[in-house]
Amino acid sequence: MKNDRTRRPKSVDAGLLNGEAGSNEEKYRLILDSISDAVYKINPEGFFTYLNDTALKRTGLTPETYPTCHYLDLVVPDHRDLVRDRFERVMNGGANPPYEIHVKARNGGSYVVEVQSKPIFENGSVVEMLGISRDITARKQAEELLVHAKAILERMVEERTGELARKSAGLEQEIERRKIVEGRLRESEDRYRAIFENTGTAMLIVGEDATICLVNAEYEKMSGYRRREVEGKTRWTEFLSEGDLRRMNPLPNGRRGSAPPTVRRYECQAVDKFGQIRDLFATASEIPGAMQWIVSLLDITERKRSEQTLRKREEELGAKTRELEEVNTALKVLLKRREEDRKETEERVSSNIQDLVLPHLAKLRKRMPGARDKSQINTIESILKGIIS
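With the numbering used here, letter number 266 in the sequence shown gets 391, and the count goes up by one each step, no holes.
Among the hints, erroneous ones may be present.
Stated by the list, open to error - Within a straight-line C-alpha distance of at most 27 Å, the following computed DSS-like cross-link-like pairs (lysine-lysine) qualify: (1) K445 <-> K429; (2) K398 <-> K358; (3) K182 <-> K166; (4) K510 <-> K499.
Unchecked claim - Taking CB as the label site, the calculated pair distances span: (5) E312 <-> R430: 37 to 45 Å; (6) A294 <-> T262: 45 to 53 Å; (7) E283 <-> G219: 40 to 48 Å; (8) E367 <-> L442: 33 to 41 Å; (9) P192 <-> Y224: 20 to 28 Å; (10) R430 <-> R316: 49 to 57 Å; (11) R462 <-> E432: 43 to 51 Å; (12) L489 <-> K457: 42 to 50 Å.
I should point out that these hints are in silico values taken from the structure, not numbers from a laboratory. Ideal Cβ positions, reconstructed from N, Cα and C, are used throughout, including at glycine.
Make the full structure from the sequences, and use the hints.
Structure, rendered in C-alpha cells:
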C-alpha cells in the first residue's frame with residue numbers, strides 16, 4: 126500500500142475525493158475506510174475536512190467533532206514546529222518528503238507515525254492538503270530494541286575479545302605446564318605399571334561390573350589363563366564359587382563423591398584353568414574417580430592345607446588327651462581302691478595284733494621263767510606295738 130501511494134502523482138484532482146459522481150465518491154470512501162493507514166484532508170486554516178475510519182479510531186474524533194479540530198491539537202508540543210513548517214510547505218505547493226512525528230493517543234500517551242502529505246489543486250490553486258499517516262510505533266520500538274541489542278552485543282564482543290586476549294596470553298604457559306604434567310603422568314604411569322607387572326602378587330584391575338580390564342604376569346602364572354583370554358572378556362567373579370559370591374558380594378556398585386576409597390578383604394576359593402581349586406586372600410580397593418577396582422590375590426592354598434593338617438593333628442591330640450584323661454581317671458579310682466584296701470588291711474592286722482597276738486604274748490611271758498625268754502617276748506611285743514601304732 127505504501128508503494129502504491131508513493132507512485133501517485135504529486136498533484137491530485139479535487140474531484141477524486143469531492144466526487145462529481147455519487148457512485149465514484151462512495152466507492153473511493155469504501156476503499157479509504159478499508160485501509161490500515163490514516164487518511165485525512167486539512168483546509169488552508171488547518172482544520173480537518175475529512176478523516177477515514179482508521180484516522181477516527183486513532184484520534185477518537187467523530188464525523189461531528191473533527192471539523193472543529195485543528196491539526197496541531199493532535200501533535201505533541203515538541204514536534205509542532207516541524208509539522209507547521211511541513212504544512213505551510215505543502216500549502217505553497219512545494220514537495221514534502223515523508224517524515225516522522227509523535228502524535229497524541231486517545232489514552233493520553235503518544236505514538237509514532239510516518240506522514241506523507243500532498244497538495245490538492247483546484248483551478249491551479251492549492252485548496253487542501255491530503256495526508257496519509259502510518260503507525261510505526263512497533264517498528265520504532267523494534268529498531269530501538271535492535272539498537273540496544275546491538276550495543277549489548279558489541280559490548281559482549283569487546284568483553285569476550287578481551288577475555289580471549291587474556292586467555293591467549295596465558296595459553297602458551299598453560300600448554301607448557303600441561304606438557305610437564307603429561308610427562309610426569311607418563312612417568313608415573315610407567316612406574317606404577319612396572320610395579321603392577323613385577324609385584325610378587327597376582328593383581329588385576331576390574332571395571333564397575335567386575336569385568337577384567339587388566340591382569341599382570343603373576344595372575345597368568347597363578348590362574349593359568351593368558352591375558353588375551355580374560356582381559357575385556359571375563360568377569361573375575363566367574364572363577365569364584367557360588368557360596369563365596371553370596372557371602373562376599375564381591376564389588377559394590379560405583380561410588381561417587383568425596384568419600385575415602387573402599388577396601389574389601391575376603392578369603393575365597395577359585396578354580397584355575399586346570400580345574401584345581403585354589404584358596405585365595407583377595408583385597409579389592411577402589412581406584413578413586415575411575416569407577417574401577419584393583420584386586421590383589423594372594424594364593425594361600427598351602428597355608429590352608431597346613432592349617433587343615435594342623436587342625437587334624439590337634440583333633441588327634443585332643444582325642445589322645447581325652448583317652449589319657451580317662452586312663453588317669455581309672456588309675457585314680459584304682460589307687461583310691463588300693464588305698465582303701467591298705468587301710469582296711471592295716472586295721473585288720475592292727476586289730477588282730479591288738480586283740481589276739483598281744484594277749485597271747487602276755488600269757489607266754491607269765492609262763493616263761495627265764496629272763497632271756499621274757500626279753501625276747503618283750504622285743505616281739507615292742508615290734509608289734511610299733512607296727513600298730
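Hints violated by the structure (numbers, ascending): Hint check: 10 fails alone, others pass.
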